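**Student:** Numbering (the numbering used here), first residue to last: 1 to 546.
Simulated from the structure, these hints should not be mistaken for lab results.
As the structure is a computational prediction, the values presented were derived from the model and not from experiment.
Do not take every clue at face value.
Stated by the list, open to error - For each label pair, taking beta carbons as the anchor points, the in silico distance ranges come out as:
no.: 1; residue 1: Lys214; residue 2: Gln139; range: 39 to 45 angstroms
no.: 2; residue 1: Val497; residue 2: Asn97; range: 54 to 60 angstroms
no.: 3; residue 1: Phe294; residue 2: Leu347; range: 30 to 36 angstroms
no.: 4; residue 1: Asp462; residue 2: Ser280; range: 24 to 30 angstroms
Cβ atoms here follow ideal geometry from the backbone N, Cα and C, with glycine treated the same way.
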Amino acid sequence: MNLETSFKRKVSYISGIVLLLFPLFYLGQPATSDSEGGRGGKLAQLRSENYLAQSNLGEIDPVSSTMQLATFGLRPIAVIVLWEKATRFQKMEDYDNVTATVNQISKLQPNFVSIWKFQAHNLAYNISVDFDNYRHRYQWVRRGIDFLMEGTKYNSQDAKLVQEVGAYTGSKIGGSDEKRQFRRLFSADDPFHQRMEDYGLEMDSQLVAGVDGKPDNWKVANRWYQKSEDVARFSDLGIRGDWLRFYERKPQALIYYAIALEDEGYLDTNAQQAFAVAHSSLEELGSLDILSSFTGTTLRLNQGAEFQRKLDELRQEINALGPDVRETLRKERFASLSKPQQDALNLAPELRTNYHNGLVQDANKQLFIPETEVAEAMPESVKEQALLLAAEAEEMAIKADAVNYMRSMINYDYWLKRCEMEQLELAITARKTTAKADELFVQARLQPARLEYEKAWEMWTDIFEDYPSMITKDTGQNLMPSIANYVELLGQFDEEVPEDFALRSIVELAETELAATPEANIQFPSPSNPNRIKGEVPKNDYLQNN
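My request is simple: use the sequences and hints to build the entire structure.
**Tutor:** This is the structure we're talking about:
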């Protein structure tokens, strides 16, 4: 009896095991890549639907402790061990092992986006600066970008990761201290271009070609940004984070491309055309529907004037219902202001000091009257109609404020005007004249240099009269080195900058900016002091004062 019971129990166990094989096969069958295109089991289908990649254990060192941990289901512990190793190798400056270790981490957690971002930044920014030769630094920047591109293969639905590739290609190569060398190396880096083409970028297109016909890093960055927008448009994840900051990157890259051409001496139709393309890209940005955190709805940057016009029309309709109501409320509010605030408001704007401007700002806040308050003060016979108009007017006011805020966030109006200004023949001539004066100054031909500088200043004065909004630190950054040369040149003639110097506003802006930054460590030789190499080190650590 006991033997029979034992036998039956064994048969039932074996039968249960066999039966469990069917659901296990249904769940765990791997997908196949043959001509039939088998989708695999349920888990494989879920991974495919959610764009999740399996850990590539076959690419990990088979005799390492990491492999042993991973195969026993201790993958999180294996990742922690690898992170610790990568940190230790970096401290030891063993950068080859850093790269190898980071690659193993990415194989264990291919869908953990932070790994790709963090280690790409580590390679391109932290490790690259430890090398003196700019060619070596470029190679590490290249590795960082390449690492990011590999991450997009496993996270093809993450638009932000695709955008990071563009950010590194643009800002790190085109915005570093070695940007001229980096841009030249990138332009000639055919293997890297092929690598990018393998990830879906058309590197033989005119859309990425610079003046020399080879890929330019800023235009390549622009194409990566376009690709990230395509990913966001068609993926389930969409755009995570601020929509405006996401969409501004594409035209921004074209602006920086145009500025780079001017910095490199292409003061001709190449720069004009580049700014024209950038201007068109900004106008396209203005026509996009962008989610506003201000209203929770989508708005367009070019709708500000439309919202303001509707708001003005609605206010006129409200005022027509009670012509004296708004003015009466304003007089009551004005009477409630303090005497200093009233005096500041009555003072002409050009006579106001910073103190007066502060009083005016506070007073205007108190004088602001919501449209609903105006409607509430209307006669009873028209109050209901006024309230309906007021609700619509306040909605228009919120939208107009939201658009203005969005435009100011990315300096939209400035860059539109800047791109427009830089296309002028006068602007190109002014830059050519300034560059010629700088060249004469370096050659110590002071009198001809002075004549050229003064011609250039007259041209820039005419430009800034037509485009007063261009008198900013962004525009001044290009002119300040030349102005500094001019000031030093005048010193050779024992003269000072005249009070009526045309670009004094640019100088004052630069001086204000300089006062907020530490003294530069590196200075450059000049005709008056050809042996000057290095300046004084700042005595105070300005970082501690922040």
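**Student:** Where does the structure disagree with the numbered hints, that is, which hint numbers, in rising order?
**Tutor:** 1
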